[in-house]
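So the protein lines, in turn, are chains A and B.
Its first residue numbered 1, the first sequence is counted upward by one per residue in our numbering.
Its first residue numbered 1001, the second sequence is counted upward by one per residue in our numbering.
Because the hints were derived from the structure by calculation, they are not lab data.
C-beta: ideal position from N, C-alpha, C; glycine also.
Some hints could be false.
Simulated restraints, written as ranges between beta carbons of each label pair [as the list claims (entries may be wrong)]:
1. B/LYS1052 <-> A/PHE410: 41 to 49 Å
2. A/TYR201 <-> B/ALA1049: 20 to 28 Å
3. A/ALA506 <-> B/ILE1004: 26 to 34 Å
4. A/ALA235 <-> B/PRO1017: 41 to 49 Å
5. A/LEU390 <-> B/PRO1024: 53 to 61 Å
6. B/ALA1049 <-> A/ALA238: 49 to 57 Å
7. A/ALA462 <-> B/GLU1023: 33 to 41 Å
8. A/GLN155 <-> B/PHE1031: 32 to 40 Å
9. B/PRO1024 <-> A/ASP513: 43 to 51 Å
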Amino acid sequence: MIDHLNWTATIIFVGFFVLVTVMGFLASSWKAGDLTQLNEWGLGGRQFGSWITWFLLGGDLYTAYTVIAVPALVYAVGAYGFFAIPYTVIIYPLIFLIMPRLWNVSAQHGYVTAGDFIFGRYGNKWLELAVAITGLVATMPYIALQLVGMEKVIQALGFQGEGYMAHAPLTVAFVILALYTYKSGLRAPAMIAFVKDIMIYIFVIAAVIIIPYQLGGFGAVFDAAGKVFDAKVAAAAAATPPVKLAAGLILTDAQIAPFITLALGSAFALFMYPHSLTGVLSASSPRAIRHNAMTLPAYSLVLGLVALLGIMAHAAGIKVTNPQDVVPALFLKMFPDWFVGFSFAAIAIGALVPAAVMSIGAANTFTRNVWRPFVNSNMTDAQESGLAKLMSLVVKVGALAFIFFIPTQFAIDFQLLGGVMMIQIFPAMVFGLYTRRIHGWPLFIGWACGLLFGLYLAYTPAKWIPVSPTPLGFSVYIGLYSVLLNFIVAVVLSFILPNNAPDETAPADYEDDDTVVAPPHLHEPEPIL
Amino acid sequence: MKYILLAIPCIAAIATPYYNFMEPRMFGFPFFYWFNLLLVPLSVAFIYAASKIGASK
Chain A
1 MIDHLNWTAT
11 IIFVGFFVLV
21 TVMGFLASSW
31 KAGDLTQLNE
41 WGLGGRQFGS
51 WITWFLLGGD
61 LYTAYTVIAV
71 PALVYAVGAY
81 GFFAIPYTVI
91 IYPLIFLIMP
101 RLWNVSAQHG
111 YVTAGDFIFG
121 RYGNKWLELA
131 VAITGLVATM
141 PYIALQLVGM
151 EKVIQALGFQ
161 GEGYMAHAPL
171 TVAFVILALY
181 TYKSGLRAPA
191 MIAFVKDIMI
201 YIFVIAAVII
211 IPYQLGGFGA
221 VFDAAGKVFD
231 AKVAAAAAAT
241 PPVKLAAGLI
251 LTDAQIAPFI
261 TLALGSAFAL
271 FMYPHSLTGV
281 LSASSPRAIR
291 HNAMTLPAYS
301 LVLGLVALLG
311 IMAHAAGIKV
321 TNPQDVVPAL
331 FLKMFPDWFV
341 GFSFAAIAIG
351 ALVPAAVMSI
361 GAANTFTRNV
371 WRPFVNSNMT
381 DAQESGLAKL
391 MSLVVKVGAL
401 AFIFFIPTQF
411 AIDFQLLGGV
421 MMIQIFPAMV
431 FGLYTRRIHG
441 WPLFIGWACG
451 LLFGLYLAYT
461 PAKWIPVSPT
471 PLGFSVYIGL
481 YSVLLNFIVA
491 VVLSFILPNN
501 APDETAPADY
511 EDDDTVVAPP
521 HLHEPEPIL
Chain B
1001 MKYILLAIPC
1011 IAAIATPYYN
1021 FMEPRMFGFP
1031 FFYWFNLLLV
1041 PLSVAFIYAA
1051 SKIGASK
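Chain A extracted, bound-state conformation (with noise of 0.2 Å):
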């Protein structure tokens, strides 16, 4: 089992797994408070300010399967996989746009979760409903991907094993997550995104420097992979049957219109996940969540340049027959074993601040938004808190028993899914920002419509598919496809139904404090960073 293990890489790998170990039952008294409060285990007490917030988001939102899988998809097809940055680009206005007004509504009225905002604005339970189960589908596969980003790393560590006992390293190290996150809360994860995000940073700055300095830069780089995938565009066309591959430096005409479309949904849907706005809502102000619009760019740039690991892999000669093994090889490839230890250390940490993440933002969701309205609407602050915690062990095992039972290619294609699914709450929180003439049963309808249409679109017979062609006679993204007829029947169906249930918010719950209290003209600008 441990017979080709790597032990400089591991025994690095190992000592900072207990780094971080240590850090998280420790993060139980860091900014300490009630912990049977679901306001301070789950939110970490709303008093993060902008460096916290920074890391945490960064940690978040910027995972260990992305690390994995955007090479992955360069290395597969290139420039399609870079989608990933204009996608990222594009999340940055929009938050910097909305996620204030929601931080101040939630602040102002106590909501932990998307769906206390919903139930808040509309007074409909059932969209409440909608919301979280939303939610708990889509963030269950993701976290199981988290974890086939961690087996990924292990298994290039050497470790080798049979049927269950494959799984034993995996799952010693999400026990131990389960456990530190059932103390600490959110400070735990919000803790681990310090070191999490140096070593990220570290492993990228030195991949990208030192990789195409021996592959004779990047001029050369990009070349020989052009030669690559020109290579196998030719022999795919050259099989029998002949297969239309589209893969290249630059995208295929009939790439971009997916391309684009893919780029702007993913980005709809991202701050819709439980997770971001977990951490997002454990913001200490809106002025900590406006400078991060600003300065959680930075990760795009990362980003950017992990996804060139996939273009490097070509020119070092990297041939997988599964592309998400290519960051891995690569870096066994090039490095010396003690920095593989590390890059390695830090991809698997990348993926315990948001399992974490994510294990929380499902409890909250489940014990706010489906257990208290729905069977006791009675419960005490410490009984929340307490299935809250209970429900983040629930959830890691769900994930765990995704990662034992069911193929990967399945957590994959749930995953996507997931995306076309959390795109659907986007009306109901957007409209529910700014205006309240869009009302709670014409969102639920359309949320259902959205939803079947997009599920009835990605269903093939032999998997599941994320573009899908349109009467227009390109294709496009399914998410973003799906979301319109939602939109259209959500705001249709406002015109033609009653709207008369209550509303808890006011208009000047979503400003800022001292924009509402200051006239214009005295109002001095907001400080940035």
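Please arrange chain B on chain A, whose structure you already have, making use of the hints.
For chain B alone, kept in the frame of chain A given last:
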């Protein structure tokens, strides 16, 4: 004005047909890649500008 400033980087990001080229290259990077990477700091500059005039809308 704030909204225009925020919209510019988004539109640039999805103006894919206008940056889907190999040439001109910079430091060996095809245009497609360096433009995408350059877009990230540019978007920050636009958000920063929007935040400066944010108070006056």
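Now for the hints, and whether the structure bears them out:
Between B/LYS1052 and A/PHE410 the beta carbons are some 48 Å apart, a value that agrees with the proposed interval 41 to 49 Å. In this structure the supplied range 20 to 28 Å holds for A/TYR201 paired with B/ALA1049, their Cβ-Cβ distance being about 26 Å. The given range of 26 to 34 Å is respected by A/ALA506 and B/ILE1004, whose C-beta atoms sit roughly 29 Å from each other. For the pair A/ALA235 and B/PRO1017, the supplied restraint of 41 to 49 Å is violated, since their beta-carbon distance comes to about 28 Å.
A hinted range of 53 to 61 Å holds for the C-beta pair A/LEU390 and B/PRO1024, which are about 58 Å apart. Against the hinted window of 49 to 57 Å, the Cβ-Cβ separation of B/ALA1049 and A/ALA238 comes to about 52 Å, which satisfies the hint. Evaluation of the 33 to 41 Å hint for A/ALA462 and B/GLU1023 yields a pass: the beta carbon distance comes to about 38 Å. For A/GLN155 paired with B/PHE1031, a C-beta distance near 37 Å keeps the hint of 32 to 40 Å intact.
One distance hint, 43 to 51 Å for the beta-carbon pair B/PRO1024 and A/ASP513, holds here, with the actual separation near 49 Å.
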